[in-house]
Amino acid sequence: MVRLKHRYIALEVVMSKAFLKRNMKPKVITGAIRMHLNNLYGELGSASIYPNLSVRYLNAHTNTIILRVRRRFAEILLTVLPFVTATESTEFKNTDHKIFFRTLYVSGTIRSAQKFLIRNKTLTQSGCRANILALVSVGELFLHPSPKL
Amino acid sequence: MDNLKNTEKNDFPVADSKSSTSLKGTTQATDASDKLPESNVKSEIKSADEKKESSHLKKWKKRMRFQPKNVTLDPEKHEYYKDLLPDPKDDTFELPRAVPVAEYVEEAKKEVKAMLAAVKQHSGSKTALQTLPKHMRRRAASHNVKRLPIRLRELASQQMIPPSESSKTGEKVCRRKRRKKLALQNEYAKRAGNQGWLETHLWHSKRFHMTENSDKHYQHWSHRVSIYPNDKSFRACYRAVAKHCLIQDISYFHCVELTGSQINVKNMFKNMIQQHEHSSVFDDGVLSGKIEAEVMMCDLTCDKVICPVRILWQPKLEDNQDTISKHVVWCWIHPAPYKEATKVLEQLSTTHGVSTSDRTGDFNRFRFTGPKSSVTLMSTLQLIKVGEDLTSQNSAEHLSAKLSSWINENKDEVKKQQLDFSLTMLECHRCNFHKTHKQLTTRVCHGAVMSVLVNDPRLTLPLQKTKPTLKSTLSQEPSLLDASEVDDHEKSLEELPLSPKWKSEILEEVALSRLPDHVTSTRKNEAKFTLGEEKTKKLDSLATPVPVLLIRRSGIASHLKKPGFEGVAGGTEVTEGRSVHAGPPEDFGSGWDLILPKKWGTAFWIPFVYHRARAGGIRESEHSHLECKTPFFPRDFPDTGAGRKWWEAEMETNLKRHYSKPPAKRVNFSVMATPFPFSPDWDHIFLPLDGERESSLNVGSSPPLKQPVESKSELVLTENQNFATSFSTVTRKRSATSSDHDVIPSKKSKDSDITAMAVLRNKEKVATLRRLLSAGDFASAISLLESLTPPTLVCVQISPINRGTPSARAMLCAPSSDDFVELRREFEDLNGEGLKSCTGPVEPKHWDPYRKERKLATEQAKKRRKQKKKDEHAPLQSTNQKPHKFNVLPIRPIIGFVTSGDFLFSYASGGGVGFIAVDHLVSLLREQVTNNWLMQEFAKSAKPPIALMRLIDSTQYRFVSLHPTS
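Residue numbers (my numbering), protein chains in the order written: chain A, 25 to 173; chain B, 22 to 987.
If you're looking for bench data, these hints aren't it; they were derived computationally from the structure.
Mixed in with the good hints there might be a few duds.
Lysine-lysine pairs mimicking DSSO-like chemistry, simulated, CA-CA at most 27 Å apart [said to hold, decoys possible]:
1. B:K620 - B:K201
2. B:K167 - B:K193
3. B:K237 - B:K227
4. B:K167 - A:K51
5. B:K131 - A:K49
6. A:K45 - B:K134
7. B:K79 - A:K49
8. B:K406 - B:K364
9. A:K29 - B:K360
10. B:K141 - A:K29
11. B:K90 - A:K51
12. B:K82 - A:K139
13. A:K49 - B:K80
14. B:K141 - B:K167
15. B:K80 - A:K29
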C-alpha cells in the first residue's frame, strides 16, 4: 500500500523570555520556521514544507517538541532549523522574540521519536545529565541577560 | 499542522459572526426585507461548517487518542514572579537565586510517563499478531501465545480470552446440540402446529418440493403437501405406477363425518348429488359400507359442480332398515374446495337433521398405485395374532384396553377379515402377474372396502430396502398356500368390513398406543440376539394391533373401458405384445387406499418405503391421470370453483413470468394471434363464430399484416357499431370491455358466465357418445350432443394424429375446408411419407395493434425522463399496461382449450385433456361427415372429429383427434 512517509524531528526549544515560554503554542513554532524558510528557500521551499509541517507534541515545561514533515523535505527543514533565531514578528504585536532549536533526534515514526525522548529524559533523571540540562533550561536567562544584570 | 488548522478553524466562526453582523447592519440599512433569507443562508453555511469541523475534529481526536497531549504553561501559576518585579510591565527581572530543578524533573517525569504510555499503547483494531511484520507471523501463533515475541504475549493472551461473559445469556446453543434428535423433535412439534404439517411432512420435506403457503395454487389447502420428489423425474414414478408400486400420502384430503339416520343422510345426498349419479351412491354395497362411492358433489340447486367426493358408510350388523339408529358416513373432500363444500354440507345437514364434524386430523390416508401394490401391502402389513388373549399374554401397558376387548369380542370376525385380506391381495396380485389368472378380472370392484387388524409394521422393517415378492411373503404364512388353493372368496366378499375404527374412543387409544421409535428399534435389536421362542416372545411383547381400512381403486380410466367400448385411438385389445402407442392398460393406476389411525403415519410410511414403494407427490397423480387422458381435479375442472381458482392462480403466475422479461424478450402474442395466452377464456368459445367475437375483443380479428386501425376515434366508432349489433343478438351476458387493451372483465359478469357454464359429466352419456363415435354412427352422436340443453363444454381427450405435444392453455381451433384438402394432398402424396408428412397449416403473422401505442409510450417515457431531470416534482405516470388478453384473433376460430397436456409415456406421443364447446363439436362433426375421404380413408389413421391445435407461442397448427371423456 502506498502511504505518505514522514520524518519526525525531536527538538528542544531555547527561548529568550519567560513571556514566550508562557505563550508557546504550535503556531508560534511553525510561524518561526516559516519565516526563516521563506528567507532561505524562498516561496518554493516554504510552499513545499509549510503545508505539511505539523507540531505533533509540545511541552512547554520541558521545552520539547516533536515536528512532523514529509520525508522528501526533511533535509530542507533540518537545514533551516539552525537558522531560526526569532519568532514571527506578526505573532506578538510586531515584536521579535529570540528563539532557537536544538535538534535532538530524527526518526521515521513517532513511536521511535517518543522512545528516544524516554531514553533522553530517563537519562536525565538518572542523574548524569540532569545538572547540565537543568542549567540549559535556566540558560535562557543567561543568553539574554537583562540590562539590570 | 493539523492542530494549527484546527485552531485556525476554531477562529473562523468568530470572525464569521463578526462579519455577518456587520453585513447585517448594512443590509438593514439598505433593504429590510432581504434580511431574513440572507441570515438564514448564513446560518446554514455556518452549521454545515461546524458539522464538517466536528467530524474532522472527531477523526483527529480518534487518531490522537493515545498520543501524549501538548503541555502548555498555566499563566496564573507561572506568573508568580511578576509580583516580584518592580514594574509589572517589564518582562525582565533579576536572576533568581535558585534553579527550580525539582519542578523541572517533576514535569519531565510526567512527560516520560506519557511517552511510555504512548509507546506501549497497542494501536487501534489490530490484533497482537497483526502488529508483527509479515515475515514474523506464524499461523500457530493464533492459538499458542508462546509463538509470539515476548513483548506481545501479554497483549495476545488478553485478546485470546473469548468475548466477555456478559453475552452468555443470549448465547446460541451450538449447532450440534440444536440438531440432536430430541431438540429437533421439540422444535418440529412447535412448528407443525401452525403450518399444517402432515405426519410424514418431515420425511417429505427432505426429499420433495413442497407446496408453499404463498403459492396461490395451494393457498387454500391448509396443509403443506409434497409436489414432486427431488431425486428422479416423473419417468421413474411412471414406471412405478405402470409396473411397480407408487405410494402417496394423501392425508391432506379432508374427512367430514356425517351422523344421522340412514334416510336423512340419503335425503341429504339426494340434494347434493346429480340425478344420474344417484344409482352409484344409493347402491346396496355402498349403503352397507362395503364399497366407497366416488361422486361429484353439487351445490344446493344441483347445477353447479363443486368437487368429487368419496363417500364411505359405516357398516352395520343389524340389517333392519330402521330409521332411528344412527349411521355414520365419511366424506373425503379435496382441500381446495373444502370451504365451499362444507358450506353446502352444513346447510343441508341443518335441514335434514344430520350432524357434521371434521375428522381430518384423525386419519392418515396413503394411496398405493401400481400392480405390485397388493404384494407390497401384503408383505408390509403383518397380521396380528388373534388366537391368544393379547392383554394377559403381553402385560404390555401400551396396548389399548378398549381395542383388545373389542378384539376379544369379535375374534371370529377378525380372523375372517385377515384371511379375506390375504386372499384378496393374493388374487389381485395373481390377476396382474400370473399367466393363468391374467385373463381374469378381479372380483374386487372399484371402491371395495376391507378392514384388517395389523401389527406394527416397524417390527418387520427390513435392514435394507428389499423388494417384496409373493414367494417370500407366502413363505412366512404357509397356511395361506393351502388356503389359496381353496376358492372360498365368494363367501368372504359378503363379509362386512367391520372395524373398530368407527369408534372414536378406540381410535384415540390406538393413537396413544404407538410406541416411540427408539423403544421398538432397541427392543427389536435386543431380540436379534435371542433365539427361538424367546425371540418371538420378545417381539410379541411389542406387538400392537392397529385397525386399518383398505379401499380398492381400479384403474383411473377403467370406467371408460368397460367391455363393449373401444379404447382410445390406436388402442388394441391384445394384452400380449402391446404396441407402444396403445396407451395405458386398463388397470393403469389401480391400487389401494390405506386409511390409518392418526399418529401412525410414519410408523407405516417408512416400512413401505423400505419395501421399495416409490414415494410420489401431487405431480404424480396429476400425471398419471394425464397418462390415461382423464381430467384431474382441480386443474381440469374449469366449471368448479376450485378449478376457477386454480386457473386464476395460473393466470397470475403466467402473467408474472411473462412480464418479468424485458419487452424485447417477450413473445408477442399479438403477432402470434394468441388472444388468451395466460389462461383459457371459456366465455369466448361460447360466442358464435361471426362478428360478436370481434366485438368482445374490441379490435377484431386483424387479417394478416393488415394496417392497424389508424386513429383512436375510428377505433371507438367501430367499437360502438359492434356493440350495437352485439346487443341485439346476444342473449347471454357478455363482459363488454370499454378501454382499449385493458381487458379485465368485471367480476360480476365473470361469475354469471361461470354459472352458465356446464361440463358434460354424465358418465353414461359420455360412454354412449364414445361408443357412437368409435362405431362411426355420427348422426346419432350429433343428435345426442344437440339434446344437451344448456350450452355446455365437453371434456375431450386430445391425441395428435402425428406430431405435436399439447400443453396447457393451447387452443383448439376449427379447421377450414381448405385445410382438409391440403391434408389429403399431403397424405396421398406419393413422394411423401403418408401421415408423417402431414404437417398442418400455419397461422400467418398478424399486425400488432399495440405497436404504435407502445412506440409512443416509450417516446413519452423518454421525454418524461428528460423532464424529470429538469423538474423533480413531476408526477409519475404508470405507463406499464399489462394486458391479460390480446385483441388479435387467429384466422381459424378458437373452439376450445387444452387444460393439461404433455408427452405421454404410455402413448409414446403427446396427449392431453381439453374442453370444447358442444356447438362447435357438433359443427365439426357435421362438416366432417360430409367429407367422404376423411370418413373412409383417413379414419384408419385418426378418427373424426378432427380439430386443429395450436400452442400459445407457436404459429404451427397440428391436427388432433378428439374423444369425449369424463
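How the hints compare with the structure:
no. : hint            : result
1   : B:K620 - B:K201 : 22 Å, holds
2   : B:K167 - B:K193 : 31 Å, violated
3   : B:K237 - B:K227 : 23 Å, holds
4   : B:K167 - A:K51  : 47 Å, violated
5   : B:K131 - A:K49  : 19 Å, holds
6   : A:K45 - B:K134  : 22 Å, holds
7   : B:K79 - A:K49   : 21 Å, holds
8   : B:K406 - B:K364 : 44 Å, violated
9   : A:K29 - B:K360  : 78 Å, violated
10  : B:K141 - A:K29  : 22 Å, holds
11  : B:K90 - A:K51   : 16 Å, holds
12  : B:K82 - A:K139  : 22 Å, holds
13  : A:K49 - B:K80   : 22 Å, holds
14  : B:K141 - B:K167 : 20 Å, holds
15  : B:K80 - A:K29   : 20 Å, holds
Consistency with the previously given hints fails for numbers 2, 4, 8, 9, ordered from lowest to highest.
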